[in-house]
Amino acid sequence: MSGSFYFVMVGHHDNPVFEMEFLPAGKPESKDDHRHLNQFIAHAALDLVDENMWLSNSMYLKTVDKFNEWFVSAFVTAGHILFITQLPYGIKNFFNDVYDLYIKFAMNPFYEVNSPIRSTAFERKVQFLGKKHLLS
Amino acid sequence: MAQCAQSVQEFIQDSFVPMVAVLSSQEAETLSRKNNLNFAELLRPFCRLTSEGHVRDPNNQLQMVKNLRICVNNLVSSPIPSSCSLSPSQYRLLGEVVLSSQPSEGAQATVVKTGDYSLNLSGTTPWFEAYRDNFLQLMPALDHEFLNHYLACLLVVSSTETVPLEQFLKLSQEQHRIQHSGEYTHPKWFIPNTLKYYILLHDMSEGDEQRAETVYEDMKQRYGPHGCYLLKINSRTISAEQDEQIPDPWSQYLLRSNQRNQEVLDLAPAANTAFVENSVCKTKVDLTEKDGPGESSSVETHPLQLDTDTSSASLQILSIINTELKKGLRDTDTLTPGNYGACLTLNDHDHIRQFVQEFTFRGLLPHIEKNIRQLNDQLISRKGLSRSLFTATKKWFGGGKVPEKSSSEPKSTYGLLYPPEAPELQIRKMADLCFLVQHYELAYSCYHTAKKDFLSDQAMLYAAGALEMAAVSAFLQGGGPRPYPAHYMDTAIQTYRDVCRNMVLAERCALLSAEILKSQAKYSEAASLLIKMTSEDSDLRSALLLEQAAHCFINMRNPMVRKFAFHMILAGHRFSKAGQRRHALRCYCQAMQVYKERGWSLAEDHINFTIGRHSFTLGQPENAVMAFRQILVNDSRQSATQQAAFLREFLYVYKSVTGENEGQLPELPLPYIDDSATRVFFGHERCLAEGEKQAATHVSLDQEYDQSSSAMWCILEEQVVSSANHGIVPGNFQPSQSCLNSQTDNLHHPLAVVEEPIIVELTFRNPLKVSLTLSNLSLLWKFAVDEAVLTDTTSEQMTGETISNEKASALQKDDFVTTEIIKEFHIGSEETKMARLRLLPHRMGQLNIVGVVYDLTSPFIGDTTSNTEGQQTPNLMMVRGRQDLKIQGPRLNLTKEDKMQIRHNVDRRLDPIITPPMPLMEVFFLQFPTALLCGEIRKAYVEFCNVSAVPLCGLRVVSTHPDFFTFGSQASTPPTHLTPVSTENCSAYKTFATSLQLGSEASEILILAEEFRQPSGVIKIPVTGDMLQPGESIQLPLWLRGPDQEGVHEINFLFYYESSEKQLKISHRVLRHTVFICASRSLSIQASACRSTAPPLHCVDDKGSRGTLVFIDVENVNTSESGIHEFHIIQVSSGSQHWRLHKYINPSKDNDCKLSSRERAKLCFRATRCEPHQGNLDNIEKYTFADLNLGTERIISSYTPCGDFFFRCCYTSAFEPVDLTSRTPNNSKSQNSGPTEYAAGSDVTRIAKTCNELDLNIIVIWKAYMIEDNRQLILEGQLHVGLQTFGKETSSLVPKEEAQEMVLLKFKSEIPPSVILPFPELSQLIKTNLHYPETFTHHFVQDSLCLVPVTLTLSNCSLALIDVIIDLRHKSTSLESLEVHSSFAWVGQSQYKLQLSQQEVVSLTLKACFFRAGVYNLNTPRVFAKPADQSSMCETSQQTASPALIIIN
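Sequences listed follow chains A and B, in order. Mapped onto our numbering, the consecutive letters of the first sequence carry residue numbers 588 to 723. Mapped onto our numbering, the consecutive letters of the second sequence carry residue numbers 3 to 1451.
Hints in this document: simulated from the structure, not taken from any laboratory. Small disclaimer: the values here were computed from a predicted structure and weren't measured. One thing to keep in mind: the hints can contain errors.
[To be verified] In silico lysine-lysine, DSSO-like type, Cα no more than 27 angstroms apart, as pairs:
no.	chain 1	residue 1	chain 2	residue 2
1	A	Lys712	A	Lys649
2	B	Lys534	A	Lys653
3	A	Lys653	B	Lys598
Next comes chain A alone, as it looks inside the complex:
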């Protein structure tokens, strides 16, 4: 699992708003049997994010949970929760950049909060940020 990680933004009803898997350059495809595991782990960590977000002033919650070798760190926006499994360096910057991106996206009057983000532009930008901060 080294190198690849999973990023998800979760809405108010524990619904994934945006998901992305980052894979290191070498691996062309993630194994299918792990894709659901990512979701399971991220979802399970929500409980701890709920707990931790009231204990901290900052939006970035550092590592909130771990499952086997996966470390889950979280970032809470003014109402949204962003997640990531696998924690290398530079995760905070990644979160901040994605937050920026998300705010811009959410200002689109046609975007309804909590609904899944289906924007290739957004996807591309997150992908870029992921490469910049996480995979480099």
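Knowing the structure of chain A, use the given hints to seat chain B on it.
Same frame as chain A, but now just chain B:
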């Protein structure tokens, strides 16, 4: 952690109980065997003591022993040293215990609500408790602790024995041998001198009671009264019929014995599933053996391993399991239910209970008490010196080892081992004894001391044991001085696990600790403890602990739902690995509640897939189908191959379900059917047009539904129906809809005609990335035969019955409705596709289309797996299923209730009523143009064809453009005195040669308007006999006239026809036709009329009537490059009730009027009023048509094409309100005004208006020469201009009207100066005209007064009697007239009073007197007019301000 039946205290107490061994003689064993039990088992239900016992502690204080339980086991000796872990058979036993303990059906589920989640959970986990109890009982006796070492031994001898005492001796020796010979390691003994208790077992039914008593007396003598017992059992014999129902307390204790089948039978809800499960278990083993190295062969590997990507292999397994499943169902072996204690009466039960009590209180407890005291004494005596001695020796020898044992004892990996009788263990022994008799305080202090000793010796195992027990006893002290030392437990667990590598002990410790933590509500700690205990070595344990951890999460103060769900999933995974499918399924189902419908699609799919597989193997294929359906129905993010695998699995499972219950086909989830998009088309197959024939467009499914156009058709239909019903629309009128969709009105049952097809268009959507193939797709229907129609005897038995094609077996359904089957229907991945399915009803009645039925096939895509499988599977992968069509009507939103709730209207589009045969008509068009010039006349043919077997009649047509076409009027027959010119150029007109006359006068024809008029735009089609017989067809000519506006026009025709038979459900039928006509500009015509200003004297030839001049400006505005050379105006005609064109005033004397592109011509005509006709008085409209031909041919404008279109144009069509304003003269008005004027005569303004009215309609007939394909074509056409008022210019081009008017106004003001005559008074009743010499030369020198005669002509324009007053005295007060020289005077009579009759012209001679030369305005007389019968009050000034200048020289 889930709730348990026992409290923590009870649980821990029961975990550590005094152990008692049983050694029985052969005969005693057979005695108890009669009850199907051995002696230990016999005692087991009575091992809990109900009364309290007492123990004195070393300080002689009384300690209460409450609720004590003892554990009685048969003595099984074995030389193998007990391992520190459980044997595989023991693991299997545990597995079976868990398997057999399933949630009961009626277990009430509690609802947990947190945040968004509302979960349905069962709070108890009896399988966990069962596992725990069994696990603790299976704990091997280990050296470092004594709790489960045997404290006592029961020696049992039967009274039937020849010499029972000898037997006792033998048994006693046997026991001694086992304990002390050193041969056997397994049964471990607490203390060297084990308590022996002698029991004489007496069988009441066969033995001699007397003898038993005597033997017992002997025993008492020998072993003391408290060391022996006479137990009498078996008071009754086994009889065939048991009249007395004795409660059976054993069965619940013996469940864990190995009769698995039986217990499964007891517990599983249905016998079937139990067998299924068994056989599945068997299969599992078989499979793993068979598959060999290919499949992983370890026992843990489950056939349903959760590797979701293997598709074919797993499928194979599924199928094997399925066959096994069926096999399992067959070989049901009969099992005898447990029949324990059959020979025991309730009295015997009491005896046993008494015995156990006696033994415990008189034998066991005193024995323990004695031993505690002994040990205590030993310890106290040793305490003083031992402590110093130990430390001294340690100092001497260094290291942590005690010299005397270090040499002999093996050093284990986890610290040293003590010999069994080592002094360090004595304190532990005492602690254990104290613990067993519930003296927890003393136990704690002993454990604590022991712990310190062990730790100092680095004997880690021992230390961990002591720590564990110290913590437990501290907890059990309950409200004691010290808090519960949780860290002891943690250390103990860690030591067991990490240092000692003894998972069994660690597990026990964790179970205890978790239970204690739970009791203290420290769920989070408990959860992490349990999660830590999961490991790879035991799936079952991991599963159970994970499940408990999940329960901990949900029981927290802030329930952690998501953690709960995740751990449930993990537990489920482990359960399935451990072969506990039922539990796995339960876990997944519980977790599913959290993940459901939140968008975690991959997770959801995984869960559903697992649930599906487990459900299937557990014999719940319905649930499996549901789960698989979920995967397919949800938005999937799986790859195509994955979806294909899911689909195949689903189909397989589905097939097995359907295979079981024949008959009703089950519902398939794929592909989606968009119910509301369903369209139903009631129509016949259209005859294809042949050759140049062009079929009517009809309605077809290919057309999109358009709200406005359908409304338009509806209005048209209403019009035609009302005209067919003498102007009344029937109350039950429903516009006929042949294509129903979601926007049409579907409240009523649609009507379909027998033998005419019904086509249902269904919209299928494939959500998958895999293409789907539906084969044998057809509709499902129900049909109720109309009883009223059923007269023939053959089908009498069907009366009232509902026939349906839903069932496979049926009578000849094709007798009623023929169902078309689509053999193959392909839907690509993520495609939406429509399918059209046809039904052909053959009987009358009520049809309900209920659904579709099809075979769903999953194609093989990109599957490169072995071909051998590929060959098998295709025939497997086809399933037959149905989908119901349930169309919901639109949501109601009228009443308050509707708004509050969500209510839908009914939608009956799929429930047509089949009605008796109706006529069916086809319409074809011949030579129908697509492009026309504005106003162009073209002749085409239309063919009506009755294609049904029923005669039709009442043929009518209505159109949005009634002025576009005409069928011609039959009344107008050409006059006989004219011979038609041969129509070699296919002219639409009938032409007649005329002699060319210069300045020709018009030829006139009087026509009755009714002949042309069609009421309300509905045209009755002139069919001979008014009826079309079956198969008959008729061709009629049809004249078309290009619309007046350029552009593309959509022209809709609605043909209406009825059956000749009345009183049918369908009163009429309609047929729609839409054409698009491209109209291009031809000519623009502007016409205006003005009163001739010429004095009546000048126009002598026209006696009495003051001529009206009509100016017609014709401009060629054609812009098309289509090669139109020029336009010829060949004829100008007029049509009016009161006016007619009289004469062509042609200054150039050139009759031929040619207009090439952008050329303009002006034509001038004189129009006159017609003589009042007879007809006008009869109140019948008669029109005078006057034709002025400019060429050599005359077209009689009142004949068919021309006259028809003239009248058409005059009619206002409801659809063209624009046209109302200018083009069409208001006929109704003019027609009314004439006759009523005399009668009413009161309204002045009306009269005024009337006199200014002119209802002259001009028809300009043209020919255009056009060259196309080197051929000259002659196009003809006519344009209409209606003149309504004098002076106002009207144009044939409508939209430019406004702009033209502006120009015209200017133009108008420019014209008058050319004529110096006073401008005629246009507006009013009386036309005045001053006639005088323009220039009058007078020598004022000669005569100072100049008298000029002026003639004032007054003409009455109106039809009324007018009183006129002419006042000459009146000086003009207006500024304008003052400026001009007004210094002249009228001489002579200064006021006249006249009465003018209808259209009378009167001339007055006036004299004006001038004094000097100059320019004078003569227009000073004021003329007042009023209708004669009006009072003088409403005199109207007739004067206008326009000057009439005279120059006096």
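Each hint, compared with the structure:
For the proposed pair lysine 712 (chain A) and lysine 649 (chain A), the alpha carbon gap of about 23 angstroms is at most 27 angstroms, so the pair holds. Simply put, lysine 534 (chain B) and lysine 653 (chain A) have alpha-carbon atoms about 13 angstroms apart, close enough for the 27 angstroms limit, and the pair holds. For the hint pairing lysine 653 (chain A) with lysine 598 (chain B), the CA-to-CA distance comes to about 24 angstroms; that is within 27 angstroms, so the pair holds.
Of the numbered hints listed earlier, not one is contradicted by the structure.
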